[in-house]
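S.K.: This is what each chain is made of:
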Amino acid sequence: MIIKSRKEKSKILLFTLPALFIYIVFLVIPMIGALYFSVMNWNGIRGVPLEYVGLDNYINVFTDKSFLLSLKNMFNMVFFSVLFHTPIALLLAVAINSKFKGYRLFKVVYFVPTIFPLTAIGLLWYFIFMPNGSLNSFLELIGLSELVTGWLINPSTAMGTIIFVNIWAGIGYYMVILLAGLTTIPKEIYEAADIDGATPSKKFFHITIPMLKPIITLCILMDIIGTIKVFDLIFVMTEGGPNGLTNLPTTLMYYEAFRYDNYGVGSAIGIIILVIALVLTIGSESIMNRKGRS
Amino acid sequence: MKNKVIIYAFVLPMGLLFIGPMLFTFLSSFKGNTEIFSAPFSLPEVFRFENYIVAWNEANMSRYFINSIVISLATVIILAFVSSMAAYVLARFNFKINRFLSLFFLLGMMLPMHTVLVPVAYMIGLLGLKNNLLALVLLFVAFSLSFSILVLTRFMQSINLSLEEAAIIDGASYFQIYWRIILPMSVPAISTISIFNFLAAWNNILFPLLFINDDRFKPIALGLLNFSGERGSEFGPLMAAIIITITVPLIVYLLFQEKVESGLAAGAVKE
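Just so you know, the protein sequences line up as chains A and B, in that order.
The first sequence begins at 2 in the working numbering and counts up one residue at a time.
The second sequence begins at 5 in the working numbering and counts up one residue at a time.
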């Protein structure tokens, strides 16, 4: 469509104004504000002047053991999510796609946790993992009472338990995306392979996986970026405990700013989370594009 | 035949891993405290529906539930209009500022909520918007705008131009074209983003956690958390509250299965 005059142009731009207004007020200005607060020292009390401290907040954050631990937790969580999410989701998607009897029901069962509030998911698993919870009852029932422990209180199991719940809650999401990808693979390729006498595993490794490669890469990318932003599960299940061992940068940011009133430090962590997300998004996207071209 | 055995040997245990915890919660929601711990895996001796009544009335789940319905619907409605108007311009008009605007809106997808929490909290405090549902709604709108505009722009670009051209020849204004042609034709894409946006607003606790401390205005996910913190020993009613919280997303999914799935796939770009 062609815009004829300057007057027409300004008329049509009015349509973007409501979106622009909300976007700028609640997102762009706060973004600039975050940079500002991250170089300030402030305890959150209005009237108390903000003190410019330069990069001190960032230096404090990177020399703080609890932040470094939260980074390590984040990388662990990303590693295990990537290791389990897409592979299990792919196997489930292939199984569902074979349309076995009752596959619709199974699809719903695997998928629904991904649309529930993580607060509810976190609480649901909290009651399973608590010391007198049902997991320990179950372990005793089947004679594995030596495994009984306070899963979320024990420092050696707490983070692993949360990582497990995060994996559990996300599998269905990747399954649905991969399932959408599977339906785009032409049936003729499989039929041709059948004529050549290919086994199911050969078909899986030589047709399914190569054909799905772009979507598999997309899933891994989304997984990485999504895992960086995990907050609710930790907040609900351990509040970062025991002793701050299960904090992620997101929860640490929240506690620093809104529990300990270190608004500058909290903002600095917020900016660091943004930078990590940007670097990983741009980095993995460029890897994806390079693969796509070759 | 052998393949089928392998498939079932995989999907059945996995199914149990997924349905087990949910079933456990559902069964526990009808039990008393002692029964939850003494017989965690059995059917309830008697179905204590009163757990649901306690959660709904005494623990205020009814109020949280209604708050969440209001918040989520308002978010969805505002987003549908605001993002479709912007998408109309971005999809249909070619001028310099257009490309800049598209990119500008797209950047919002990368911004984690945590980055802006402090300035947003400052602003909300300054403007006296604590415990204000509209402020909450506008924040949800702001954070879902990028995704909604992207999906709608792509959809509108695929709509055939001829109807609009005919309308222009007939002397229709841009608003008339938007209102009578673009908006009705975009209903499939608008419903997809609406379901996605509904779930995002229903599930979010981060903004309510910071900006809603009055019990009267809490949305359901925060109300549930509140309930578990204050009366965490009443397990039956608490389990009932969890079930109440997840019922709406479940119903939305069962009603609009395909829309939910395509919305999440489109949202893939966002996560």
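Everything labelled a hint here was simulated from the structure, so no lab data went into it.
Mixed in with the good hints, there may be bad ones.
Stated by the list, open to error - With a straight-line cut-off of 30 Å between C-alpha atoms, the simulated BS3-like cross-links for lysine-lysine are: (1) A:K188 x A:K204; (2) A:K8 x A:K100; (3) A:K188 x B:K263; (4) A:K214 x B:K8; (5) A:K188 x A:K100; (6) B:K134 x A:K230; (7) A:K8 x B:K134; (8) B:K6 x A:K214; (9) B:K6 x A:K230; (10) A:K230 x A:K100; (11) A:K102 x A:K203; (12) A:K230 x A:K66; (13) B:K134 x A:K102; (14) A:K230 x A:K188; (15) A:K203 x B:K263; (16) A:K204 x B:K8.
All values reported here derive from a predicted model rather than from experimental measurement.
S.K.: Do the alpha carbons of K8 (chain A) and K100 (chain A) lie within 30 Å of each other, as the hint requires?
M.R.: violated (58 Å)
S.K.: Would you mind confirming whether the straight-line C-alpha gap from K134 (chain B) to K102 (chain A) stays at or under 30 Å?
M.R.: This hinted pair is violated, its Cα atoms lying about 52 Å apart.
S.K.: Take a quick look at whether K230 (chain A) and K188 (chain A) sit within 30 Å of each other, Cα to Cα.
M.R.: violated (38 Å)
S.K.: K6 (chain B) and K214 (chain A) were given as a pair; does the straight-line alpha-carbon distance stay at or below 30 Å?
M.R.: holds (28 Å)
S.K.: Need the status of pair K203 (chain A), K263 (chain B): alpha-carbon distance at most 30 Å?
M.R.: violated (34 Å)
S.K.: Given the hinted pair K102 (chain A) and K203 (chain A), is their Cα-Cα distance within 30 Å?
M.R.: Distance ~24 Å between K102 (chain A) and K203 (chain A) Cα, so the pair holds.
S.K.: Given the hint that K188 (chain A) pairs with K204 (chain A), does the C-alpha gap stay at or below 30 Å?
M.R.: holds (12 Å)
S.K.: Is it true that the CA of K8 (chain A) sits at most 30 Å from the CA of K134 (chain B)?
M.R.: violated (41 Å)
S.K.: With a cut-off of 30 Å on the C-alpha distance, tell me whether K188 (chain A) and K100 (chain A) pass.
M.R.: holds (14 Å)
S.K.: Take the C-alpha atoms of K6 (chain B) and K230 (chain A), compute the straight-line distance between them, and say whether it is at most 30 Å.
M.R.: violated (42 Å)
S.K.: Could you grab the alpha-carbon distance between K188 (chain A) and K263 (chain B) and see if it respects the 30 Å cut-off?
M.R.: Judged against 30 Å, a Cα distance of about 25 Å means the pair holds.
S.K.: Can the restraint linking K230 (chain A) and K100 (chain A) be considered satisfied, given a maximum Cα separation of 30 Å?
M.R.: It is violated: about 34 Å lies between the C-alpha atoms, which goes past 30 Å.
When each numbered hint is compared with the structure, violations occur for hints 2, 7, 9, 10, 13, 14, 15.
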